[in-house]
Amino acid sequence: MTTTFIKIFCVFFLLYFQPTSIIMAKSQTNVISEFKQALLKDDKKLMQSYVTEGIELPTFPKDKPIHEIKVVPSPKEDTTILISYFKDTDDVSTIGFILEIVTKNKKISQINQIYDGTNPFMKEATIVKEYELKVKRHILTPTKFPFEIQQFHGYIYSNNLELRYYNDDINGIFKITVSPVQHKLNQYVHKGTQFYYLKNNRTALYNPHFDLAYELIFQKDGFQYKIAIGNKLYIKGKYNAKDLIQIAESMN
65 MTTTFIKIFC VFFLLYFQPT SIIMAKSQTN VISEFKQALL KDDKKLMQSY
115 VTEGIELPTF PKDKPIHEIK VVPSPKEDTT ILISYFKDTD DVSTIGFILE
165 IVTKNKKISQ INQIYDGTNP FMKEATIVKE YELKVKRHIL TPTKFPFEIQ
215 QFHGYIYSNN LELRYYNDDI NGIFKITVSP VQHKLNQYVH KGTQFYYLKN
265 NRTALYNPHF DLAYELIFQK DGFQYKIAIG NKLYIKGKYN AKDLIQIAES
315 MN
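Per our numbering, the sequence shown starts with residue 65, numbered consecutively.
Hints are not guaranteed to be accurate.
As the list claims (entries may be wrong) - The calculated label-pair distances, taken between Cβ atoms and stated as ranges, are:
#	residue 1	residue 2	range
1	LYS109	SER243	38 to 44 Å
2	ASP142	ASN316	34 to 40 Å
3	SER222	ASN295	22 to 28 Å
4	SER97	ASN224	38 to 44 Å
5	GLU120	SER222	22 to 28 Å
6	ASN295	ASN224	19 to 25 Å
7	THR143	ASN235	32 to 38 Å
These aren't lab readings, by the way, just hints derived from the structure by calculation. Glycine is no exception: its CB is placed at the ideal position from the N, C-alpha and C atoms.
Build the full structure now, drawing on both the sequences and the hints.
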């Protein structure tokens with residue numbers, strides 16, 4: 065699956081399954097409600113009692129307890145979607161796993177794990193959506209990356225958004241910092257700074273002498289985007305302004 069398709073899939077789930085807009089299915093059976101409670105308690109024996117004999121339970125992560133489970137009706141007959149959430153911080157929850165559950169004769173006859181919680185782009189979509197709600201603006205995110213993304217962490221602090229993408233195999237960190245514009249780009253000019261013009265008529269600033277990372281800065285619709293690939297000292301690979309420009313031009 066391409067990165068673009070994965071990101072579209074993640075955004076679709078976030079838009080369709082928003083916690084504030086979910087309506088409980090009228091035809092939801094007692095077994096779904098009871099299975100949900102067993103999941104929250106992490107009681108495998110109790111979970112198994114609601115499942116048809118021979119149906120195996122999916123493997124759930126043990127390092128993160130489930131904070132909340134939303135029940136979502138499915139257009140398929142006798143089918144329900146369960147979306148679990150993990151608590152990252154006091155204010156931030158991320159989607160854990162998504163189950164498609166089929167019931168028959170008051171028992172769960174089939175469990176399909178649609179999402180297992182390991183896709184980093186689901187976490188990216190969650191934190192970006194939260195920030196967009198905070199600032200009431202659309203925020204640009206990349207569809208092109210400097211390396212394969214294995215992990216993701218996102219943070220909102222004050223009015224800023226920080227997105228960090230990792231690849232442990234090459235010691236790679238790709239970071240995007242988004243913040244309201246406070247100064248014009250020319251105030252970030254240092255000796256050796258280079259200006260580039262992106263294909264979408266945005267001006268970008270590149271400092272080839274920055275020691276820690278390959279870094280590009282541009283501004284759009286009142287927000288400043290700082291994209292950086294690092295750490296220069298440890299990452300297995302060389303990058304330049306062209307790589308950063310391709311990433312910046314992929315952001316939409």
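Quick rundown of the hints versus the structure:
1. LYS109 / SER243: 38 to 44 Å: violated, 50 Å
2. ASP142 / ASN316: 34 to 40 Å: holds, 39 Å
3. SER222 / ASN295: 22 to 28 Å: holds, 25 Å
4. SER97 / ASN224: 38 to 44 Å: holds, 41 Å
5. GLU120 / SER222: 22 to 28 Å: Because 46 Å falls outside the window, the suggested range is violated.
6. ASN295 / ASN224: 19 to 25 Å: holds, 21 Å
7. THR143 / ASN235: 32 to 38 Å: violated, 44 Å
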